[in-house]
Amino acid sequence: MIGVLLKKQVAEVWRGYFYDAKENKARSRLSTAVRFLLFALLMIVLLGGIFAALALFLCQPFADVGMGWMYFVVMGMVAVLLGAFGSIFNGYAGLYLAKDNDLLLSMPVPLGAILAARLLNVYLLGLMYSGIVCAPALIVYWAVARCDAFVMLAGLLWAFLVSMIVLVLSCALGWVVARISLKLKDKGLVAAIAAVLLLAAYWAFCGQIYAVLYDLTANAASYGTQVRESAAVLYCFGRAAEGDWPSLLAMAAVIGAAFAVVWLVLSRTFLHTVTATGAQGKAVYREKAMRRKSPARALLGKELQRLVSSANYLLNCSLGTVMLPLLGGLLLWKGGEYVELFGEVFAGMPGTASILLCVAACMLAVMNDTAVPSVSLEGANLWLVRSLPVSTWRVLQAKLRLQVALTAPPLLFCSVCAVLVLRVSLVESLLLLLVPQLFMLLLAHLGLALGLLWPNLRWTDETAPVKRSMAVILAMIAGWVCGLALAAIWLWQGWHLGAAPYLLLTAALAACACAGVRLWLKSSGCRRFEAL
Amino acid sequence: MLRIEHLTKVFGTKVAVDDLSLHIMPGEIYGFIGHNGAGKTTTLRSVVGIQQFDAGEVYVNGLSVKDDPLACKRALAYIPDNPDLYEFMTGIKYLNFIADIFEVGAAERQARIRDYADRFELTMELAQPIAAYSHGMRQKLAIVSAWLHEPRLIVMDEPFVGLDPKASRHLKDMMREVCDSGGAIFFSTHVLEVAEKLCDKVAVIKRGKLVRSGTVEEVKGDDSLEDAFLELEGER
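Sequence order for the protein chains is A and B. The working numbering numbers the first residue of the first sequence as 52 and each following residue consecutively. The working numbering numbers the first residue of the second sequence as 1145 and each following residue consecutively.
Excised from the complex, chain A in its bound form (with noise of 0.2 angstroms):
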């Protein structure tokens, strides 16, 4: 029994790589081992090369000491956070939200097999954050320190363990989302909103990390000593990546009993949690007076209603709007410090300033893509917008207007606040207000077209499209790509240019590729839409 709902799990998880949805047919082995390679390249070579660097950073100074114990601490700790925050949502939604759940449990299947199912799904996500940090670590750890069959036996060991530690914690924070969410109204909005607190903690975190790896490399015998004096349970958690074996079995068995009492405390809720209607009162209707909106606003009005309801949606695809006044902020008060030391690192360079406050704004206008899993979201409602007296264009419009809505206003406001720092000409001024708007109308639009040319329609559980997909994942290189490429062009050849006149090439560059999808998107997209 379990098998088959394992199956199915995995099989769901990956069906987008094997199976065209929409051709209704197996993929070749071309496609799907090229989707195979985006994804690694996306998860090893860029995710993995940031830890990989972290851990070379940290492994020598450590090892050099005796204390390879403590760089396994930091780099486990690192695993722990990124996965388990990664996942909290996705604990909850695949656990508690799944569609399928009211089909499973009307069948002959033990509550146990449906929830075993559910959590190989979480572990698997756990298991790719954690990865990307473990791996690196234990490699270059191989590498640089020691490396025989038992050390690297105790280190997978570890892998295994850490990614057991996340899928507790995602586990545990899901099941806290979920009760409080059956105590919530407008349950996506407050979510997000606690998980923004919770990201905004994490920034300040990663904010001082790099004075605290520096303080902790300069100290390491110092803070070492320490943790292995008064936090014995963490000298123990690095000594078992090391192969110290007694360390690794009471590691184990630690996360084994958190493990079991998290099993003990969902499978006796997980019943009551998925068919719960929510403890707040019934709400009563009372005629109000009505009014007509445009049929356009009442798309956009739909679109921002569907973002809002979702905290999935809403944290994965709209960060970018709390991010970019943050950036704002935080240049208004420290942005004259920053100013002067890029002058001085750039000093042959005159604008380079300029051009990387824009990259910095452009990067994290990457961070809202509403419009690329919007066309995936419509899912079984596709219905509906397809048998309304609405143009397809128009139907799209909205899924760009809606990104546009979120991102250009902050956007804005950042720039605003970069130009005043910056204080250049009145032609620079002004283009670097207009190069991140083109940048993000051109992100925008280019998500749609992703979204489009990749859709999924038939998710059981939303994080598929949204944080899944190969569109989502494709949207994000290309938007890093642009912004890097923005960056190491001008610091390549250039500068030579001048940045008023640089940055009049890009805008130029944004609004004609803008323009290009744009056209695509109003012909073969809009017949991409109608045939799906």
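If you are wondering where the hints come from, they were derived from the structure by calculation, not from laboratory data. If you're wondering where the values come from, they're calculated on a predicted model, not measured in any experiment. Please note that the accuracy of each hint is not assured.
What the hints assert, rightly or not - Simulated coverage check for chain B against chain A, where a stretch passes if three residues somewhere in it have a Cβ under 8 angstroms from a Cβ of chain A:
#	segment
1	1242–1250
2	1262–1271
3	1277–1287
4	1325–1337
Quick reminder that beta carbons are idealized off the backbone N, C-alpha and C, glycines included.
We have chain A; now place chain B onto it with these hints.
Then chain B, alone, in the frame of chain A:
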């Protein structure tokens, strides 16, 4: 009101609808019957412009669904077999959304929502999110939303599924009201007793082909509609 001419829809190698022609006049309730997978839903989806078809033409009030889909959609309303509505909206927000799209004035929509929601005893539930609705309530909401812009043609796929007897009766009355005021209803059903009592005309489809159409009397002859249908299906 609705003219379907040589409609053909192919999925891969399977011909779902094969050269189907029907003509539905104003004032008619037209039933569409056939076994599962006969092509009823495909026909209805093609008629309302949700699904592209491979050959043939569909005219609503003389306008081609292919050439002028928006004008056709303004004149009709569609209720699918499974009312998947926007679960993230409340009932009243959904109705307002539909009214906005069809550009129904504020006063008219208020009066119509009050009237139709009251008939289906749905008024008190309108502030609830659709996610909390039962299947029957969703079906009622879909019906209310379909009637909001006073369409001339209403296309429905199994509209009685999930409705309680009282709501079924209201729906039948409302269908007759539409036809009495010069509109038309085209709907699919498996409930042959309903088709026999309610419809002015029926069409029987089998493996995508129209096998018989006409008034209920013409189709059933001296038998019941059920007997006639089973005979056409080769079950008797």
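Here's how the hints hold up against the structure:
With 9 residues having a Cβ less than 8 angstroms from any Cβ of chain A, the segment 1242–1250 of chain B passes the three-residue criterion, so the hint holds. With 5 residues having a Cβ less than 8 angstroms from any Cβ of chain A, the segment 1262–1271 of chain B passes the three-residue criterion, so the hint holds. By the rule of at least three residues with a Cβ nearer than 8 angstroms to a Cβ of chain A, the coverage given for the segment 1277–1287 of chain B is violated, with 0 such residues. A count of 0 residues in the segment 1325–1337 of chain B with a Cβ less than 8 angstroms from any Cβ of chain A is obtained; the coverage claim is therefore unmet, three being the minimum.
Violated hints, listed in ascending order, are 3 and 4; each of the other numbered hints is respected by the structure.
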